[in-house]
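Trainee: For the working numbering, count along the sequence shown from 1 and bump the result up by 3.
These are calculated hints, taken from the structure and not from any lab test.
We put the CB at the ideal spot given by N, CA and C, even for glycine.
Don't take each hint at face value.
[Unchecked claim] As a list, the in silico BS3-like pairs of lysine-lysine whose alpha-carbon atoms are at most 30 angstroms apart:
1. Lys-295 x Lys-252
2. Lys-194 x Lys-84
3. Lys-93 x Lys-187
4. Lys-187 x Lys-82
5. Lys-93 x Lys-194
6. Lys-82 x Lys-93
7. Lys-84 x Lys-187
8. Lys-86 x Lys-187
9. Lys-82 x Lys-194
[Said to hold, decoys possible] Now the in silico label distances, taken between C-beta atoms and shown as ranges:
10. Trp-116 x Asp-87: 30 to 36 angstroms
11. Leu-296 x Ala-229: 21 to 27 angstroms
12. Trp-116 x Val-289: 35 to 41 angstroms
13. Arg-282 x Lys-252: 53 to 59 angstroms
14. Tyr-283 x Asp-47: 19 to 25 angstroms
15. Arg-112 x Asp-47: 28 to 34 angstroms
16. Arg-78 x Asn-128: 46 to 52 angstroms
17. Val-289 x Glu-66: 30 to 36 angstroms
18. Phe-197 x Gly-49: 16 to 22 angstroms
19. Glu-99 x Thr-217: 44 to 50 angstroms
20. Phe-197 x Pro-234: 17 to 23 angstroms
21. Arg-120 x Ala-229: 43 to 49 angstroms
22. Gly-276 x Gly-101: 37 to 43 angstroms
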Amino acid sequence: MVKPSANQPPPPMPPVVLYPHANPVGQPVRTTGVQGRVSGHQYDWGVFNRGNGEAAGFGPVGEYGVAPWAEDWSRLRDKSKRKDPFDLIKYIALNESGSIWLSFSGETRLRNWFESRPNLGTQHNNDSGRFAVRNLYGADLHLGSHVRLFGQLVNADAAGWNGYGYGSTYRKRLDAQQAFIETKWSMLGAKSGFMFGRQQFLDAPSYMLYNRETPNVPLSWNGFRAYMVWPRIRIDGWDFVQTNDSQNKMFHDTENYNTRLYGFNMTWAPPDGRFMGDRYNSFLDVFYVGYKLSGSSGAIATAQRQPERVQHTQQFWCALARHCRTV
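Could you put together the complete structure from these sequences and hints?
Mentor: Set out below in structure tokens:
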């Protein structure tokens, strides 16, 4: 690990962290606090931007973010800061002052898996090559500093040889992946916000709930979340139903009221400490996550082989400490 000096700038993020979920299963890549402050494009969430910014509750953000709406491109209002050819579409002023502006995001992903014996040989599609492609294109409209509208489209397809397991999360006709409104304000000394509509949700430990990056179609949820961020404490509450993305027609995805996600989270950033010459910082998460699955999705077979519809409810109370080394 390289330590910055007075004559040497902090190290930039490695190229893989341009997009933080670059590893094979879509889990965020860990970075140092210095790298996050230098290369990240998060909104200003203070100490919660450290590392890959995941502690702020909006997913990891490197040069780009897992959730494109978590990226802040308002700095490009200053044209002298535009260094990349794509900066032209990252900040488009729609009025003279630049307070109303539009930002475009896009991703086209090609992915191929080769499996000699899928599922430990139980799938019987030996030497399978699964090829998948997806497109995600979004627009982020900021109406001043208090209101924003975000929309994102998705379409996807899958092919290959000896393929298997292709459902609506691999093959998707054009549909709305995300569409929400967010309002922001300052309340009780906290940066506060309310988001309503169809959206990604990444304010849960990534080992419990992440973005479903292996298939083509990521997870999206319908409902609301509200958050407040102070210098060392933040709170977040949400209530969602999952998007019913099993449709095979254009713009036919609806809400799946049989799958519900709700809860709240509080994150505390204790004062920084030092150990053996290095500076450390920590985050303590206390969260409650409820998950309900009902209807046909929750059906189980009885002894007479007739499905019995039940409601499954899972609830998690947890306190989680995360540590980050800052050089």
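Trainee: Can the suggested window of 30 to 36 angstroms be confirmed for the beta-carbon pair Trp-116 and Asp-87?
Mentor: Because 31 angstroms falls inside the window, the suggested range holds.
Trainee: Lys-295 and Lys-252: Cα distance at most 30 angstroms?
Mentor: Satisfied, since the Cα-Cα distance of roughly 27 angstroms is no more than 30 angstroms.
Trainee: Holds or violated: the 35 to 41 angstroms window for the beta-carbon distance between Trp-116 and Val-289?
Mentor: Holds: the Cβ-Cβ distance is about 38 angstroms, inside 35 to 41 angstroms.
Trainee: Given the hint that Lys-84 pairs with Lys-187, does the C-alpha gap stay at or below 30 angstroms?
Mentor: holds, 25 angstroms
Trainee: Look at the Cβ atoms of Arg-112 and Asp-47 and judge whether their distance stays inside 28 to 34 angstroms.
Mentor: Holds, since Arg-112 and Asp-47 (Cβ atoms, about 29 angstroms apart) stay within the stated range.
Trainee: Given the hint that Lys-194 pairs with Lys-84, does the C-alpha gap stay at or below 30 angstroms?
Mentor: It holds: about 26 angstroms lies between the C-alpha atoms, which stays within 30 angstroms.
Trainee: Confirm or reject the claim that Leu-296 and Ala-229 have a C-beta distance inside 21 to 27 angstroms.
Mentor: holds, 24 angstroms
Trainee: Given a hint of 19 to 25 angstroms, does the C-beta separation of Tyr-283 and Asp-47 actually sit inside it?
Mentor: holds, 22 angstroms
Trainee: Given a hinted range of 43 to 49 angstroms, is it respected by the beta-carbon distance of Arg-120 and Ala-229?
Mentor: holds, 48 angstroms
Trainee: Does Lys-194 sit within 30 angstroms of Lys-93, going by the straight-line distance between their CA atoms?
Mentor: Holds, because 24 angstroms separates the two Cα atoms, which is no more than 30 angstroms.
Trainee: Please verify whether Lys-187 and Lys-82 have alpha carbons no more than 30 angstroms apart.
Mentor: holds, 26 angstroms
Trainee: Do the Cβ positions of Arg-282 and Lys-252 conform to the proposed distance bound of 53 to 59 angstroms?
Mentor: holds, 55 angstroms
Checked against the numbered hints given earlier, this structure breaks none of them.
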